[in-house]
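Asks: The primary structure of each chain is shown beneath.
4 protein chains.
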Amino acid sequence: MEVDQTARLLITCPDRPGIVAAVSNFFYNHGANITALDQHSTDPEGGTFFMRLEFQTPHIDTSCSVLERTFADAVGERYSMDWRMSYGANRKKMAIMVSKYDHALLELLWRASRGELAADVTMVISNHPDLAGAVESFDVEYHHVPVTPKSKADAEAEVIKLLDGKADLVVLARYMQILSADFVAQYPYQIINIHHSFLPAFVGANPYRQAYDKGVKLIGATAHYVTSELDMGPIIEQDVIRVSHRQSIRHLMELGRDIERNILARAVKWHLEDRVIVYGNKTVVFG
Amino acid sequence: MEVDQTARLLITCPDRPGIVAAVSNFFYNHGANITALDQHSTDPEGGTFFMRLEFQTPHIDTSCSVLERTFADAVGERYSMDWRMSYGANRKKMAIMVSKYDHALLELLWRASRGELAADVTMVISNHPDLAGAVESFDVEYHHVPVTPKSKADAEAEVIKLLDGKADLVVLARYMQILSADFVAQYPYQIINIHHSFLPAFVGANPYRQAYDKGVKLIGATAHYVTSELDMGPIIEQDVIRVSHRQSIRHLMELGRDIERNILARAVKWHLEDRVIVYGNKTVVFG
Amino acid sequence: MEVDQTARLLITCPDRPGIVAAVSNFFYNHGANITALDQHSTDPEGGTFFMRLEFQTPHIDTSCSVLERTFADAVGERYSMDWRMSYGANRKKMAIMVSKYDHALLELLWRASRGELAADVTMVISNHPDLAGAVESFDVEYHHVPVTPKSKADAEAEVIKLLDGKADLVVLARYMQILSADFVAQYPYQIINIHHSFLPAFVGANPYRQAYDKGVKLIGATAHYVTSELDMGPIIEQDVIRVSHRQSIRHLMELGRDIERNILARAVKWHLEDRVIVYGNKTVVFG
Amino acid sequence: MEVDQTARLLITCPDRPGIVAAVSNFFYNHGANITALDQHSTDPEGGTFFMRLEFQTPHIDTSCSVLERTFADAVGERYSMDWRMSYGANRKKMAIMVSKYDHALLELLWRASRGELAADVTMVISNHPDLAGAVESFDVEYHHVPVTPKSKADAEAEVIKLLDGKADLVVLARYMQILSADFVAQYPYQIINIHHSFLPAFVGANPYRQAYDKGVKLIGATAHYVTSELDMGPIIEQDVIRVSHRQSIRHLMELGRDIERNILARAVKWHLEDRVIVYGNKTVVFG
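Residue numbers (this note's numbering), protein chains in the order written: chain B, 1 to 287; chain P, 1 to 287; chain A, 1 to 287; chain E, 1 to 287.
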């Protein structure tokens, strides 16, 4: 695989005239060809401005670190920007946590193996041993870290040690344990969970049973960033599938699996391509 | 328009062997050709059985009232059935209640005028005068019945008088007043409301604002039967549309209008074709 | 309604570094606040570049005509741009042509009347008298221009005279006559047609019958610009709806109507908001 | 896994009164509880009638072979039925043919291993060796049967020998060789292919390129039975996904993969559950 020479810049700042000109001038003057640019403003008068910019690094006239420092001085400060650059050449590291259901996990491993996800999968961590074989056939490390009510704190400590330096993103691919606020705080907006309902409907346990009991005509799933409040973090992606009176709860779960794995894969892909900006408890997702 | 010779039978009963044979024999023996048959059982052992049957009346060997009486004796009682027959020749009467938004109302009037809905629209009742002109261009009566907190009981009494004998179905096409439990009790599972969210998410007021604040990636609407508990009646139909960070609340409302009118039209159509059976707080909808 | 102070710029040009900077500088320097910017390149090396820019006119330092001349000199020529500006204050004029089916026509009239379409509907022209009443209830002129094989040329001449100066866009809302190449040439990429199939499947007559005979599981519709080659112009928008063995041709037509009117409305809306750029026989549609 | 005691009956016959009664009486009299019944008629007068019936075998009063013989005599002949029964206890055997793309193959293997498909996968046959490892990790036989223009007849002979007695269904999961008419004739309506376009659009080679060149706004895939005419057999299932000017051909292929594997999995599932009846060049699919 050849080196990816694309770099990306994400910006959040107060909206005011001149931002696009300032940013595009900066990159043009440094020889960085802009190949994609997307922007959004919550309100042209007094709103918040978001921008995603993709540029090519081969012809830039300096090193990345100097480019970043210069950008900070020349543009970032002037417009009170919250910004970050990332480089395709520094592939992100992704760890996956899972319990017993394999569908979301396998979908991610398969997509990663065919180059659809801009990350290296560094490990899979599970509180059960069941999926070790499936994971190892993808040549990925599998760590079994059992969790009991009593061992929970120790188990988290072990997970944190395993992840150390090896996870820019942690994906909960149907991991059935609730992470502590401390754990979550170490990976701010770097943990993505798939919830098996169309949030905010059916928060909590057994969403398919809740959906069945309510008699809804569509079931869904939601990929969101994990925050300290259960099932309440910023939503990245959602989708639904049509159901009817004919489906039992077991059938709903079967249909739901297909939605879950597709949505999680989309959310992870977008995160890895730096398409998601969190603001407040919501997300801007640049397509 | 020629007379519609289709009749329909809806059945709910405890499931046990022999029901299909008993029903189909009955109709065959009376010369009624079965042209559609749909069934559902919640569980073959001890479950509840639902059936929808369409049959043609031209060759039946007796009058409809005798057919019904004979069916009650020969089949209905034996299987402890809750059942009802309806006849295409007796077109249903539909009244529509609306406030100021015209989209759901016009959708129904258009479809009715094109012959897509198996009912005659007998009247439109509104607590505002605004839509009188639009309705009258369809040659449909428009009744303006203002509602104030003080006049609410009187207004309902007036509506009930207007509806008397002229409404087999009452459709709330964005009628912004809450109907009293007494009113609802007079039309059990004969009042259909469109709620502008994907229930059970965003119950209550301003669902589009709630959806905006939550940052959901799909917005929806729900057509349901009205019961005495607000927004909690059996769901008939739901659908969603994709949104993003780009939409303001006003845009969500605009997009939502298209969903609302389509879903309401589908739910009304299905109800009028006797495709919906309520059980518990859910519905069986035969496609 | 207050004056719309938004203006839009559409650009097509060979891709090369510096375009975004040049354009955004130009607008910044003239006091025009950029409120939306979308771009696309078919290939960063030697591709074609497309841009749509929305800007606000209140604070620009000159008249629109001077702004355009200056842009041509300072930017357009330098980058070999094909470009055009349009102003919300100059509302577009839209004429609709129709035969007997009313669904697509009414959808457009209704959306126009509630301010969803950025145009004034100047007239409806039909080769049949049937829809005069419906149209006039929207306070829109109705012209009945009958067409027979013999009178076709005269009829077109009459239509052209009616449209003269009153149509920036002509929408064929199920107009069942084929326009001559001469007619089409007078409105290059300014005539939008709705074809009742998912093109390129089922070109030509009776697409619903063709779909029925083929047994497809989805039927669709396509909004496209009209060119001299029948049903072959650049596609603006398409959508589909699920069908099954249960639908007769008549049912397919009924379901298809809903798709047709929605798609046509979307395509017309996008065209009017200057979101569509034609290149080759395809379109770029900025969302 | 416990023995599946469900049996299914599929019927095609000329429509006339009394069929449902005759069939349901027959099963009731033999102690077979009907747990699902679906029917369709192309026309109540002189049309063709289709029925799918699921019944439970535990309480039937005879062996399956006697039941079938009795049904033939008592019902099948009288109504000129084309019919067949199948039994959950006799699991179907499924062989998969593939070339180099793994997505459709893996989707089927995953679903089979989770128990979602009512069949045993007996083997995978490929004209390339590439996917042997992936297949063997599912404990399924992999046969590499290379095909060259010269060896084509011999290769087919080898495949036929491999399949002998081991394939009630052959699935072409992106098998890039065209099967001979002789081969196809041995498996009438027992070979399912996934075509990577929304047929009948883009028949033949490189459908994604054709879709790209045409500028369609949706791309699709089609699962169909293989007949001697290429890409023209009865369609079982289709679906589409939205695309835009932003996708290159490579992206269309990537998006298309997701559609292909889902549609093929659905079509295979329905076939295995005896939900599909072919008539003419179309299918009835009971949901």
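Simulated from the structure, these hints should not be mistaken for laboratory data.
Treat the hints with caution; some may be incorrect.
Note that identical chains are pooled: a pair holds if it fits in a single copy or bridges any two copies.
[Claimed, not checked] The calculated lysine to aspartate or glutamate pairs, modelled on EDC-like cross-linking and capped at a C-alpha distance of 16 angstroms, are: (1) K214 <-> D168; (2) K166 <-> E254; (3) K100 <-> D120; (4) K161 <-> D130; (5) K93 <-> D213; (6) K214 <-> D231; (7) K161 <-> E141; (8) K214 <-> E2; (9) K92 <-> E45; (10) K269 <-> E254; (11) K269 <-> D139; (12) K269 <-> E158; (13) K150 <-> D231; (14) K161 <-> E54; (15) K150 <-> E229; (16) K214 <-> D38; (17) K93 <-> D168; (18) K161 <-> D182; (19) K214 <-> E141; (20) K214 <-> D15; (21) K100 <-> E254; (22) K152 <-> D213; (23) K214 <-> E229; (24) K282 <-> D213; (25) K152 <-> D38; (26) K282 <-> D130.
Asks: First find the shortest C-alpha distance between K214 and D168 inside one copy, then the shortest across copies, and answer within, between, both or neither for a cut-off of 16 angstroms.
Replies: neither (39 angstroms within a copy, 26 angstroms between copies)
Asks: When Cα atoms must be at most 16 angstroms apart, do K166 and E254 count as within-copy, between-copy, both, or neither?
Replies: neither (33 angstroms within a copy, 28 angstroms between copies)
Asks: 16 angstroms Cα cut-off: does K214 pair with D38 within a copy, between copies, both or neither?
Replies: Neither: 40 angstroms inside a copy, 23 angstroms across copies.
Asks: Taking 16 angstroms as the upper bound on the Cα-Cα distance, should K100 and E254 be classified as within, between, both, or neither?
Replies: within (15 angstroms within a copy, 28 angstroms between copies)
Asks: Between copies, within a copy, both or neither: which fits K93 and D168 at Cα up to 16 angstroms?
Replies: within (5 angstroms within a copy, 45 angstroms between copies)
Asks: Checking an output row: K161 and D130, CA cutoff 16 angstroms. Within, between, both or neither?
Replies: Result: close neither inside a copy nor across copies, 22 angstroms intra and 37 angstroms inter.
Asks: Since the copies are identical, ignore which copy is meant and state whether K214 and D15 lie within 16 angstroms (CA to CA) inside a copy, between copies, both or neither.
Replies: For K214 and D15, neither the intra-copy (43 angstroms) nor the inter-copy (22 angstroms) Cα distance is at most 16 angstroms.
Asks: Is it within, between, both, or neither for K282 and D130, if the alpha carbons may be no more than 16 angstroms apart?
Replies: The answer is neither: 35 angstroms in one copy and 38 angstroms across copies each exceed 16 angstroms.
Asks: Evaluate K150 and E229 at a C-alpha cut-off of 16 angstroms and name the case that applies: within, between, both or neither.
Replies: Neither, since 22 angstroms and 43 angstroms both go past 16 angstroms.
Asks: If the cutoff is 16 angstroms on CA atoms, where do K100 and D120 land: within, between, both or neither? Let me know, please.
Replies: neither (22 angstroms within a copy, 23 angstroms between copies)
Asks: At most 16 angstroms between C-alpha atoms: does K152 with D213 qualify within a copy, between copies, both, or neither?
Replies: neither (32 angstroms within a copy, 34 angstroms between copies)
Asks: Within a copy, between copies, both or neither: where do K269 and D139 come within 16 angstroms Cα-Cα?
Replies: Close neither inside one copy (20 angstroms) nor across copies (31 angstroms); limit 16 angstroms.
Hint check: violations occur at hints 1, 2, 3, 4, 5, 8, 9, 11, 12, 13, 14, 15, 16, 19, 20, 22, 25, 26; the rest are consistent with the structure.
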